[in-house]
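Chemist: First residue of the sequence shown: 2, per this note's numbering; consecutive thereafter.
Read the hints as simulated data drawn from the structure, not as lab findings.
Watch out, some of these pointers could steer you wrong.
Claimed, not checked - Straight-line C-alpha distance at most 25 Å; calculated SDA-like pairs for lysine to any residue:
| id | residue 1 | residue 2 |
| --- | --- | --- |
| 1 | Lys35 | Ser23 |
| 2 | Lys126 | Phe152 |
| 3 | Lys35 | Gln102 |
Claimed, not checked - Estimated spans, in silico, between C-beta atoms of each pair:
| id | residue 1 | residue 2 | range |
| --- | --- | --- | --- |
| 4 | Lys61 | Ser166 | 41 to 49 Å |
| 5 | Asp106 | Lys53 | 24 to 32 Å |
| 6 | Arg141 | Gln60 | 38 to 46 Å |
| 7 | Gly20 | Leu139 | 53 to 61 Å |
| 8 | Met125 | Glu167 | 20 to 28 Å |
Heads up, the beta-carbon is just placed ideally off N, CA and C, and yes, glycines get one too.
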Amino acid sequence: TMIYSSEAFGDFDAKYISGNFSSITGYADEVFFKKGWWAKNIHPDDAQEVFKNLGELFQKGNHSHDYRFLFNDGSWHWMHDDLKLIKDDSGNPIELIGTWQDVTDRKLAELKLKESEAKLTDAMKIAKLSTWEYDFVLDRFTFPDQSFALFNTTAEQEGGNTMSSEHFAQKYIYPDDRVL
2 TMIYSSEAFG DFDAKYISGN FSSITGYADE VFFKKGWWAK NIHPDDAQEV
52 FKNLGELFQK GNHSHDYRFL FNDGSWHWMH DDLKLIKDDS GNPIELIGTW
102 QDVTDRKLAE LKLKESEAKL TDAMKIAKLS TWEYDFVLDR FTFPDQSFAL
152 FNTTAEQEGG NTMSSEHFAQ KYIYPDDRVL
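Build the full structure now, drawing on both the sequences and the hints.
Modeler: Next up, the structure:
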């Protein structure tokens, strides 16, 4: 994690960066202080959103966001940026302080998880399988829409995605199989 401070206006030019900046990003420390450098190295697909959302910082006094940033070796890294707005006695913004952390591994793991979940969902649809949850305390099943589709109905037709075990047994279990 890197700690920094920057101007609270314009291109948010840097005023301070912690000593680990170079070892994390591969850039010499001096580069961080070049006018417009930070803004120029935000991924083009993320830049508009990053600057648009910075408005929250000035409304709430703090903001955090994730975006891709170009490292010195030419690779894009996901950065988590936590910012706090510092104001003078009159309430005018004077400085931003923040932490900047490389979260690329976390982002890649999240992406792999989403891909895996999508594959599982597709496989379950093809196999005509579904999942469900049961709350023993409340005696309630919770079913996703896919479960209702298997029974040729919908959650709306059944009054929602939850039902008691008694209701489920009477509606969906063959009568001879209800009593154990």
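Chemist: A separate judgement is required for each hint: does it hold in the structure or not?
Modeler: How the hints compare with the structure:
{"no.": "1", "hint": "Lys35 / Ser23", "verdict": "holds (14 Å)"}
{"no.": "2", "hint": "Lys126 / Phe152", "verdict": "holds (13 Å)"}
{"no.": "3", "hint": "Lys35 / Gln102", "verdict": "holds (20 Å)"}
{"no.": "4", "hint": "Lys61 / Ser166: 41 to 49 Å", "verdict": "holds (46 Å)"}
{"no.": "5", "hint": "Asp106 / Lys53: 24 to 32 Å", "verdict": "holds (27 Å)"}
{"no.": "6", "hint": "Arg141 / Gln60: 38 to 46 Å", "verdict": "holds (41 Å)"}
{"no.": "7", "hint": "Gly20 / Leu139: 53 to 61 Å", "verdict": "holds (54 Å)"}
{"no.": "8", "hint": "Met125 / Glu167: 20 to 28 Å", "verdict": "holds (27 Å)"}
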